[in-house]
Amino acid sequence: MPIWDRLWGRRRTSSGSTAKERLQMVLVTDRTDLSPEKIEKMRDEITSVISKYFTVNPDEVKINVERRQRDSWLVADIPLLRSVNKTSESLDPDDA
Amino acid sequence: MGAKVVTVTSGKGGVGKTTVTANLSAALVSLEKRVACIDADIGLRNLDLILGVENRIKYHLVDVVEGRCKLQDAIVKHKQFPNLSIIPAAQDRDKSAISPTQMVAIVNDLSPHYDYIIIDSPAGIERGFRNAVAPAQEVLIVTNPEVSAVRDADRVIGLLEAANPRPPARLIINRVKAEMIKRGDMLTPDDVFDMLSIPLIGIIPEDEAVLVAGNRGMPDLGSRAGHAFKTIARRLMGEEIPLKDAPTPGLFRRLTRLFGGRT
Ligand SMILES: Nc1ncnc2c1ncn2[C@@H]1O[C@H](COP(=O)(O)OP(=O)(O)OP(=O)(O)O)[C@@H](O)[C@H]1O
Ligand SMILES: [Mg+2]
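Line by line, the protein sequences give chains A and B. Each residue of the first sequence is one higher than the one before, starting from 1 at the first, in the working numbering. Each residue of the second sequence is one higher than the one before, starting from 1001 at the first, in the working numbering.
One or more of the hints may lead you astray.
As the list claims (entries may be wrong) - These stretches of chain A come out as covered by chain B in the derived footprint (C-beta under 8 Å, 3 or more residues):
no., stretch
1, 18–24
2, 27–36
3, 56–68
To be verified - Capping the alpha-carbon separation at 25 Å, the derived lysine-lysine pairs in BS3-like fashion look like this:
no., chain 1, residue 1, chain 2, residue 2
4, A, LYS20, B, LYS1177
5, B, LYS1004, B, LYS1077
6, B, LYS1012, A, LYS20
To be verified - Taking CB as the label site, the calculated pair distances span:
no., chain 1, residue 1, chain 2, residue 2, range
7, A, PRO79, B, GLN1091, 53 to 63 Å
8, A, GLU37, B, ARG1224, 39 to 49 Å
9, B, MET1237, A, LYS52, 52 to 62 Å
I should point out that these hints are in silico values taken from the structure, not numbers from a laboratory. Ideal Cβ placement from N, Cα and C applies to all residues, glycine included.
Next up, chain A with everything else stripped away, as it sits in the complex:
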């Protein structure tokens, strides 16, 4: 996006990335035969379980169904809001 668009506040998400996001959602439905509501429900449930352990932004939780060879993989992308250094300390290889 040209810089002046941003300066003049005409910023909008490019339609290309909107297309990708919408497609990713619809492909999950197509590939799993689950309705969009069911997927939404699953996403909320996963989010609430993860939230017991980490701080997450529910809007950033992404669920995807990927094809790998003959298999389908359910892939969740869950960015953690706060630093996880504390929790990972005990996993430090030097500790072992």
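Use these hints to put chain B with the ligands onto chain A, whose structure you have.
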């Protein structure tokens, strides 16, 4: 040693299956291969027109199946490309006039005489699609960088993955507009590949020369799109060509990885 049988399909209509079939066939012939292309779009015959042989058709695929002529009689030889044969579809019949088994039988009869058999599939995922895919040793899925074409391609990939035996499939992204990608208003080949995750065999730019060639009934291998078709032909023949001659090299450099590793 028989021919390699390749079916060009897409799910969605109008994305460029016939264009790909015609140009890929011409490109293979220019690389000294013997090619037969079959129009499996029964009722909506078009491959003959794009290749400029529409006035020389005597018999068609359904005539062969129903015993009105020998397979040999239905073959139209291209004037400018003597090594290119075209087997036209029937225009006055529908997809149910032929079965997948009959399609396999026809391809088997052709196979000893050619290096490649390219089948132009109709749009959709029903009978016509199944006819076209039945004899395939490899499937090329054509899509456009556009939401509905990508979604339909995904459906077709899912159907092929469930098929037994499952033919390997590769992706062609057609009608890519570098200008729109620069503006952020078009899915990039990278986006499409990310979502469909099957190997990419080529990217074809939007090119007016495709329409002009269609008007004339003569593929134009010298155009920008023609160049992309030649590259696809060479990749089909097993050559490893990195993606450097894509529409805008800088933008697509990242794509090089698409051709590595994944099968
Ligand atoms: N790379 C391209 N650049 C410009 N125009 C193109 C390109 N590819 C295809 N077209 C145009 O798109 C139109 C549809 O192409 P084509 O007939 O090959 O699609 P199709 O998938 O075979 O359609 P159908 O599903 O009806 O069989 C044609 O007018 C063709 O000229
Ligand atoms: Mg067609």
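Verification of the supplied hints:
no. : hint                              : in the structure
1   : 18–24                             : holds (count 5)
2   : 27–36                             : holds (count 3)
3   : 56–68                             : holds (count 3)
4   : LYS20/A <-> LYS1177/B             : 16 Å, holds
5   : LYS1004/B <-> LYS1077/B           : 19 Å, holds
6   : LYS1012/B <-> LYS20/A             : 18 Å, holds
7   : PRO79/A <-> GLN1091/B: 53 to 63 Å : 56 Å, holds
8   : GLU37/A <-> ARG1224/B: 39 to 49 Å : 45 Å, holds
9   : MET1237/B <-> LYS52/A: 52 to 62 Å : 56 Å, holds
Of the hints listed earlier, there is not a single one the structure fails to meet.
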